[in-house]
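Novice: With these hints in hand, go ahead and build the complete structure from the sequences.
Chain order of the listed sequences is A and B. Under my numbering, the first residue of the first sequence is numbered 189, with each subsequent residue one higher. Under my numbering, the first residue of the second sequence is numbered 1257, with each subsequent residue one higher.
Think of the hints as simulated: they come from the structure by calculation, not from any bench. Positions of the beta carbon are idealized from the N, C-alpha and C atoms, including for glycine. Please note that the accuracy of each hint is not assured.
To be verified - Residues from chain B shown here face chain A by an in silico Cβ test under 7 Å; the list is partial: (1) 1411; (2) 1412; (3) 1419; (4) 1422; (5) 1427; (6) 1430; (7) 1517; (8) 1520; (9) 1545; (10) 1548; (11) 1551; (12) 1559.
Claimed, not checked - Far from chain B, by Cβ distances over 12 Å, these chain A residues were calculated: (13) 235; (14) 240; (15) 254; (16) 256; (17) 276; (18) 286; (19) 330; (20) 333; (21) 362; (22) 366; (23) 372; (24) 382; (25) 415; (26) 429.
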Amino acid sequence: MIGFATRRFVQAMIVMLVVALLSFTMFRFVGDPVNQMVGIETSLEEREALRERLGLNDPIPIQFYNFLSKAVRFDFGTSYQFRQPVSDLFAKRIPATLELSFTSALFALVVGVPMGIFAGLNRESPISKLFLSVSLIGISLPTFFIGILLIFLFSVTLQWLPSFGRGETVQIGSWWTTGFLTVSGLKALILPSITLGLYQMTLIMRLIRAEMLEVIRTDYIKFARARGLPDRLVNFRHALKNTLVPVVTITGLQLGSIIAFATITETVFQWPGMGLLFLQAVQNVDIPIMSAYLLLTAFMFVAINFIVDILYFLIDPRLRVGRP
Amino acid sequence: MPTVSNEEAKAAVQDRSGVQPTPGRMTRIVDSDFFHAFLRSKVTVVAACGTLILFLLAFLAPWIAPHNPFDLASISIMDARVPPVWMDYSDPRFVLGTDDQGRDLLSGIFYGMRISLIVGFCSVAAAAVIGITLGLVAGYMGGRIDAIIMRIADVQLTFPAILIALLIDGIANGIFGSLDRDVFAFYILIVALALSFWVQYARTVRGSTMVEKSKEYVQAARVIGLPSVIIMARHILPNVMGPVMVIATINLALAIVTEATLSFLGVGMPPTQPSLGTLIAIGNDFLYSGEWWIAIFPGVALALLVLNVNLLGDWLRDALNPKLR
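Specialist: Put into structure tokens, the structure is as follows:
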């Protein structure tokens, strides 16, 4: 166990280092940092002085080291378009993205798992077929178009729910703002989280259905039925438990892509989160924000992968023996 | 490996080397398991017809579209935001209404679908070429080259494709500057999509290459002293193409969605050469003022296109997978 965890940890560190190198290359070589920071009328001497002060004349490995040691302390430089430290901008927007991601992951699990179990156990029922067709549409509709349809239906036509922003937020502690505590905040969460969670929901549903179908065909389930165990016990104690391994993996990995796809949802709903910030950075070539976003999301992905690997190991006892 | 994909691979080789198909080939296709399975699945037949119709509409757009949305002389700002024919204040010339510049929406959708499909096909082809090449090399050479290529693939696989495409697009913006963007947008988009999707091909091809490598025909080719490049391209490649075709079909749908998303986010195709995503982005600005058709119709077209291609890809995957028969 310890050996496995250590090996995974080392791999994760290598991935982070590679991403950091990419991020640094982008930061340093795409566009000239000095040109972005000064006006046209700045003289060559002033530019040179700034260059020296920023350490842009140091050897590249030293610059990379400085970049790394700053990044570890969450110092990602100053945004070109906002003229503010990137870390402050991120800190202000992280709560919005995390709350949205959390709500949509919850939605995906709470709706997707029961649907999947039902469709897996009642394969021929018309409701299962309806679930499957709906899920196919859910996979085929692009996220942003789902958002537009929801806005058109619930905000423009019915005028039930707001179509943009977070509603009223409440400040907790020094920097966390939450929309969970106000009515308008909760209402504002509904459409974006459905938009963001729908794809994950269909994925989880199809996965659980497929796993269920496979598991109920196995001998031990047949045997459990032959023993006369009640259906409820067979289905939930024996079958469901064994479908959970891939579900945990996929759900964990999907958590990462929820954060990434939040970029799209946040743009459709003008949700003031990190994704929207990143997209504005891409449009305006704000390299410090882009490279910081790359590093942060990479860190989240790597951390999630690492945790999922460890969980996998804990859930599935077969992995514990005879693994190189 | 199912026999069907081998046959397909042989057919592909014949096509490439210019050998005339044998007379019995058509009957062989009609008689095959593959074709029977196809006819048995009604959904798939419908999806195939739907895909064919949409492809035809898209590629024949210049001949069948009622208007040319790129012909500045024929469009008039006076026709802007006309609703579809079944609503009040509509104009019989514009079946699905017009957009904010007075361009016919139906024609815009045909042309937009054409651009979406061209970008989709080109990026899938580019991703396949990159992925197949790297996969073949990794699988055949093994050792350090294999390790390096596969580690890169692993790192990239931890990120969703859309994020990578966005980053590449952002970097390209930084290098080219916004002035040249419209000119290069098409190529930047294809590169961004290709670099986001190559990993799947590389992993699959590497896996099958490692299986094929140990087979006798490859060893025989080695013994007679053929260079590695020839062995990889002529001998192994045709035998690993089966799964690649399935991935390519499923990836086509994914590439179309990703392209539409990038264009919707404003970093893909520019409004001067609108793809379906660009059209939806334009329409999104008018959604709140009640002009819903500008965004919804291109969106429906996009959804239909993706749904049909997805259905086809799903079926192809199941049909070529003997485990599920």
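Novice: Could you run down the list of hints and mark each one as holding or not?
Specialist: Going through the hints against the structure:
With 7 Å as the threshold, the beta carbon of residue 1411 of chain B comes within range of chain A, its nearest partner Cβ sitting at about 5 Å, so the hint holds. Given the 7 Å rule on beta carbons, the hint for residue 1412 of chain B is violated: about 10 Å separates it from the nearest Cβ of chain A. Interface hint status for residue 1419 of chain B: upheld, as the beta-carbon distance to the closest one in chain A is roughly 5 Å, under 7 Å. With 7 Å as the threshold, the beta carbon of residue 1422 of chain B comes within range of chain A, its nearest partner Cβ sitting at about 6 Å, so the hint holds.
Evaluation of the residue 1427 of chain B hint against chain A yields a held restraint, the C-beta minimum of about 5 Å falling below 7 Å. Hint status for residue 1430 of chain B: holds, given a least beta-carbon distance of 4 Å to chain A, under 7 Å. Hint on residue 1517 of chain B holds. Least Cβ distance to chain A is approximately 6 Å, under the 7 Å limit. At about 5 Å, the closest approach between the beta carbon of residue 1520 of chain B and any beta carbon in chain A falls short of 7 Å, and the interface hint on this residue holds.
Interface hint at residue 1545 of chain B: violated, since its Cβ lies 9 Å from the closest Cβ of chain A, which is beyond the 7 Å cut-off. With its C-beta approaching chain A no nearer than about 6 Å, residue 1548 of chain B sits inside the 7 Å limit, and its interface hint holds. Below 7 Å, beta-carbon pairs count as interface contacts, and residue 1551 of chain B has one with chain A at about 6 Å; its hint therefore holds. Given hint, residue 1559 of chain B at the interface with chain A, holds; its Cβ is 5 Å from that chain's nearest Cβ, closer than 7 Å.
Residue-level check passed: residue 235 of chain A sits 19 Å from the nearest beta carbon of chain B, beyond 12 Å. The claim that residue 240 of chain A lies off the interface holds: its Cβ sits roughly 24 Å from the closest Cβ of chain B, which is beyond the 12 Å cut-off. With a cut of 12 Å on Cβ distances, residue 254 of chain A stays outside the contact zone with chain B, its closest approach being about 21 Å. Non-interface call for residue 256 of chain A relative to chain B: holds, since the shortest CB-CB distance, roughly 17 Å, exceeds 12 Å.
Look at residue 276 of chain A: its CB is around 21 Å from the nearest CB on chain B, clear of 12 Å, so calling it non-interface holds up. Distance check on residue 286 of chain A: its Cβ is at least 17 Å (rounded) from any Cβ of chain B, clearing the 12 Å threshold; non-interface status holds. At roughly 5 Å, the least C-beta separation between residue 330 of chain A and chain B is not larger than 12 Å, which violates its mark as non-interface. Not every beta carbon of chain B lies more than 12 Å from that of residue 333 of chain A, the smallest distance being close to 4 Å; the non-interface claim is violated.
Even its closest Cβ contact with chain B, about 30 Å, leaves residue 362 of chain A beyond 12 Å, as expected for a residue assigned away from the interface. Residue placement check: residue 366 of chain A keeps its beta carbon more than 12 Å from all beta carbons of chain B (closest about 26 Å). Under the 12 Å C-beta cut-off, the non-interface status given to residue 372 of chain A relative to chain B holds; the minimum distance is some 19 Å. No beta-carbon of chain B comes within 12 Å of the beta-carbon of residue 382 of chain A; the shortest separation is about 17 Å.
Consistency note on residue 415 of chain A: stated as away from chain B, and its beta-carbon is indeed over 12 Å from all of that chain's, at 30 Å minimum. At roughly 24 Å, the least C-beta separation between residue 429 of chain A and chain B is larger than 12 Å, which holds for a residue marked as non-interface.
Of the hints listed earlier, those the structure fails to meet are numbers 2, 9, 19, 20, in rising order.
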